[in-house]
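Asks: Each chain sits in its own coordinate frame; assemble them with the hints.
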Amino acid sequence: MNEPLVKVEHLGKKFCRRLKRSLWYGVRDIGSELIGSRKSRSKLRKDEFWALKDVNFEIYKGELVGLIGANGAGKTTLLKLLSGLIKPDEGEIAIRGKIQALIALGAGFNPILTGRENIYINGAVLGFSKREMDKLLQEIMDFSEMAEFIDMPVQSYSSGMHVRLGFAVAVNLKPDILIVDEVLAVGDASFRRKARNKMMELLHSGISVLFVSHNMALVSSLTSRCIYLDKGQVKAVGPSDEITSIYLSDSIKKAKANQKETHGQLMHSAYMTMPDLFILHDLRLSNQQGVQTEEFSTFDDIKITFVMEFVKELENVLLAINIRDQVDDVVISSSKLRLDSKPNKGLVTVECNMEKNRFREGNYNIGFYVLDFDGGGLYKTHAAVTFTIIADMSIIKHNDPTKGFVVMDSSWKVFDDAHT
Amino acid sequence: MTESYESQHGDVSNLELTRYTPESRIRHPISLLKEMWHDLKASRELAWRLFIRDISAQYRQTALGYFWAIFPPLVSSMVFILLRSSTMIDARQIGVGIPYPAYVMMGATFYYLFVDALNAPLKVITESKMILTKINLPREALILSAMGDALFSFTIKCILLVGIMIYYGVSVYWTVIFLPIPLIGLLLMGTMVGVLLIPLGLLYKDVQSALMIATSGLIFLTPVAYLPSTQGTLGHIMRINPITPLLMGAKDLVIRGIPEDLPTFFLVFGLTLGFLFIGWIIYRLALPIIIERIGA
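As you go down the protein sequences, you meet chains A and P in turn. Just so it is clear: in the first sequence, position 228 is 228 by the working numbering, and no numbers are missing. Just so it is clear: in the second sequence, position 171 is 171 by the working numbering, and no numbers are missing.
Chain P with its partners taken away, still in its complex shape (with noise of 0.2 Å):
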């Protein structure tokens, strides 16, 4: 072989060598580590690209466009309102401090940050089928995206909440500068259950149809619309539930100051990172194995 011919079509070893063997990622944790990385990083640009696909996707094919947006919080809200002038919830428990509406409505736009970002990725992902059997793309993009498109949802009931609060003259403390905090824990703990329902729920549709179902039974279980109240079985589950510390954290800076209860926040916090993780490991693992099994 000639110089320039070497020089011209080079060597091959100086291309990035790809190994797809039937072993078990795991076992290599380092690599591992590095690819997660490394796709990571790649997958900014597609994410981005996904994220205004679905956007623009969205109000193309429908009616009311960013209005199915505000549309869950503000129909939990009105039962809420509802509920409470007909005295089914206690008017003394709920000691806030603000207008009724202004504080359902800012409860469930916090909580509807959650459910929005636990239902997004197996939407993105059920949505990105057709692309996902056919083409080996940084999974992690479609997760960016979905985080993108919760956001995006929150971004539009956030103008809707702010008008009320001004509507209702609502002062807020000046610790609102610390709201993204519990709003970014918020958003990567429904994630971090989202990522985890992935492997399952492609695999069976009967989790699209139990989430849905929890999801609406679940904003009765979290302080949205009052405070958890102490006693009794809805106090203990509110207790134990993990969305309250973030909840009632992002609703007190609002409007309290600074939470009480720091340290269950941060651990909360901590978990829900933690946790993220680890569904993250799982879904690059499981997803080869799901693709081959709906992908036929």
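Just chain A, same shape as in the assembly (with noise of 0.2 Å):
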């Protein structure tokens, strides 16, 4: 039987809540390292917390592996744990091959050194020679399609030029197992293509890959097989498509519960406000039976109403919205340009109606904006209020609800030869 390439056991990785505390314990932990000490780590000391606790999954060769997670449920330390950069506290890892992490793409680069000089740092980094450099730099170079602007600093580059180096280096320095984190997220769609093309070919000459991502539907169509961390244990491990559903549906729920603690904040969602000016004083969502609701249907009608209170009058004021979904990607947005015929001022009410929805199911933020084109912002906010889609399976047709941007209805004919 085949051997795994990797094999974490029993992993557990405590952290210190205090900055203070933290360093006293690491000069404490120094000095018990140094003189090799053999008493066990598995106690709490004051202020710890388990980050990692009972860790165990294995990852074969020609393997890619999806690892999803809340913020803070511990994948950065597990990767962390597993490139070697930081000591376990209890179980082991066994990795088989050279190993190469996307912690934060282009952490490694230096922003005042050329691309062109980073490119050999990062292969120096990993163990290769000068000369074997020379040879992949230009392989390195058409793949991130950098050629012009390799010998620019770093710092010139755009976020998307990093993340396209970054990955074009890992991905040719060949090693044994890759770990990816949030790549594929950042980036145009065209590289985005590219990289995932690389990716799967990559796999075929079998090495393995480690996905790390917040994007389910990208999770579940890329991975064959998933590891949910949750509060630092391995939730669910196994077919991309069952974890990567149990991952959303406990993640509506988590944000269900928030939903219900934020109620009436409206003003304190906001990045921006005028109140001298502009004041929100309601936003509510119902569906087409004017049901007050946060929870909608697949092609359910989505009405918002605001209401809100223009303190001075203002001429030429323009309402927008967009709809965000979980990893902050913009899936729609509308406006309107000036409240009609009524002067902007006092109350108004408004209504936004977005008939037979189409998105897929999970969460999304309503962000609103209100800008007065004499005077700039008035009230802005990337999350106004949430809601969240509850895929109908009796009403899509041929449609999955938790892959791709939207829903929509299709519908397929078959004929026989004949009938042509």
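There's no promise every hint is true.
Stated by the list, open to error - Quick list of in silico lysine-lysine cross-link-like pairs, DSSO-like style, CA-CA up to 30 Å:
#  : chain 1 : residue 1 : chain 2 : residue 2
1  : A       : Lys46     : P       : Lys129
2  : P       : Lys41     : A       : Lys20
3  : P       : Lys129    : A       : Lys7
4  : P       : Lys34     : A       : Lys7
5  : A       : Lys20     : P       : Lys123
6  : A       : Lys98     : A       : Lys130
7  : A       : Lys39     : P       : Lys34
8  : A       : Lys7      : P       : Lys41
9  : A       : Lys130    : P       : Lys41
10 : P       : Lys41     : A       : Lys174
11 : P       : Lys129    : A       : Lys231
12 : P       : Lys123    : A       : Lys130
13 : P       : Lys34     : A       : Lys130
14 : P       : Lys205    : A       : Lys46
15 : A       : Lys135    : P       : Lys41
16 : A       : Lys174    : P       : Lys129
FYI, nobody ran anything at the bench for these hints, they're computed from the structure.
Replies: Below is the structure:
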């Protein structure tokens, strides 16, 4: 039977909540490390908690495994342990071959040096000689499409260029295990496609990829198996379709719990307000039956009702909304210039009706922006209110509501040859 | 599984196995030494790259560039020359045989090799924090490149020193060919102290501040601008100051010949090597723990 490339057994790692105490523990840990103390580290000291506890999994050759979990679930800690940056407090990691981790892409780049110099440094970090890197340079430049910028300092690169170069370096250095952290969520569409194809190509040539992402659609379409971390523990491992839907329903539950807590804090969610000009008094969501709700089914109407007050009269007012998904990508946006007929003063009620929504399953935030053309912004928030879409499988045909960006009705017809 | 698949994808057992466990590596000294040797070899290329990076980066973001390398010894030398002219330093005691400015500049240049080597490890590591907390690299490379930085800065100072020596018409002794030995000693001693300070210095910023004060005071406790005095508290301090044998040895080789107290010289040299090795082990064992504390 094949041996796994990565084998993680009963892995545990603890962290300390307070910086000063953490530093002091650090000094003591160094001390016990130096005298080779055999004392078990399984006990929590004051202010410590388990960032990871009893984590077990395996990754085999040529496998693409997803790693998912909410922020703070321990994903980054796990990646750092896997790449040998930090030591486990419990358990064991056994890795066969060279591991290449892209923890926050381009982090290894020095901003004042050029792309070319950084490529050589990254190569040297992984043990490549200058001669070997000379050979790889062309491939890296071709793949990243950065040939013309390669002699510019990295600090002048856009974030997309950073990502492209980082990814190109990582995949061309031919690791046995590649850890990819949220790479395919940035960069333009054509590069994302290219990166995806390259990952598939690498898998085919026998390397293993651990893919870390918040984008469930991507995870379930790319990976075959998935590890779901929750509060430092493996909550579920299994086929990606199953695991991502468990994760989504968990995060919907969590968001709902949060919503109740934050209800009625409209003014607090805004990152820009001008209370002497504009006040948002209320924002409600309702469905086609006129029932107030924050939970909608596929193809329901979503009506947003705003109650707002213009303290002073303003002439040219623009209202805009955008709706963002869990990974903060804007799915749609809509705006209204001028509030017709009425003078923009005093209390105003505005409705925005979205008929037959086509959102896929998940949580969405409604951002709300009020602008005065003569005076700039009046009110801005990225998350005035959150709503949840629950897929209604009885009305969605031939469409997987957990994949893609939108759902739609589609119909298939099959003709036999005689018919045409 | 078919045979062709086997040959193409291979068996994983031929790949190098890495294990991470909570156990201290010091429990396995043999494999620890092997790892150290392996990483030292693996870090040469990276050290060279980092060195080049540091040198060119330093040059790019400063207006005065390499002038900063000669600045400290120049200022210290001027202080001593002023002190002497106002008879704060007893001129009789300085029976050095060569013009005083050349003598002071030589002492300061050698002394700053030690100081640069002392400061460089912590500086390089602090600057590489970003990479250190994100990429697992052979960490010896950082120390090697720190030594490179110190040597580079020393080379620039030497150019100035040679210029001054020629200007004052100082003739050097043939023993100058052995000069690299005490210089390597000063470099290694500085590096040794610097490496020993890394674990604490990364956790607590206090160390770097303390280091600045310490090195600026230490110059007066080291026979940089005069011969070590034989009496008084200062004389006592200079006798036990471990820099003294190396520094005096270097100066002697240039202007006097073979240093008298060779046993002390080699004792200090040997101890330096020993402590450097211990510092290296501590550095290796401590770094993962430190990265965990600072890399959140």
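Asks: Now look at each hint and say whether the structure bears it out.
Replies: For each hint, the structure was consulted:
no.: 1; hint: A:Lys46 / P:Lys129; result: holds, 27 Å
no.: 2; hint: P:Lys41 / A:Lys20; result: violated, 36 Å
no.: 3; hint: P:Lys129 / A:Lys7; result: holds, 29 Å
no.: 4; hint: P:Lys34 / A:Lys7; result: holds, 24 Å
no.: 5; hint: A:Lys20 / P:Lys123; result: holds, 22 Å
no.: 6; hint: A:Lys98 / A:Lys130; result: holds, 19 Å
no.: 7; hint: A:Lys39 / P:Lys34; result: holds, 25 Å
no.: 8; hint: A:Lys7 / P:Lys41; result: holds, 28 Å
no.: 9; hint: A:Lys130 / P:Lys41; result: holds, 15 Å
no.: 10; hint: P:Lys41 / A:Lys174; result: holds, 21 Å
no.: 11; hint: P:Lys129 / A:Lys231; result: holds, 27 Å
no.: 12; hint: P:Lys123 / A:Lys130; result: holds, 26 Å
no.: 13; hint: P:Lys34 / A:Lys130; result: holds, 25 Å
no.: 14; hint: P:Lys205 / A:Lys46; result: holds, 24 Å
no.: 15; hint: A:Lys135 / P:Lys41; result: holds, 22 Å
no.: 16; hint: A:Lys174 / P:Lys129; result: holds, 25 Å
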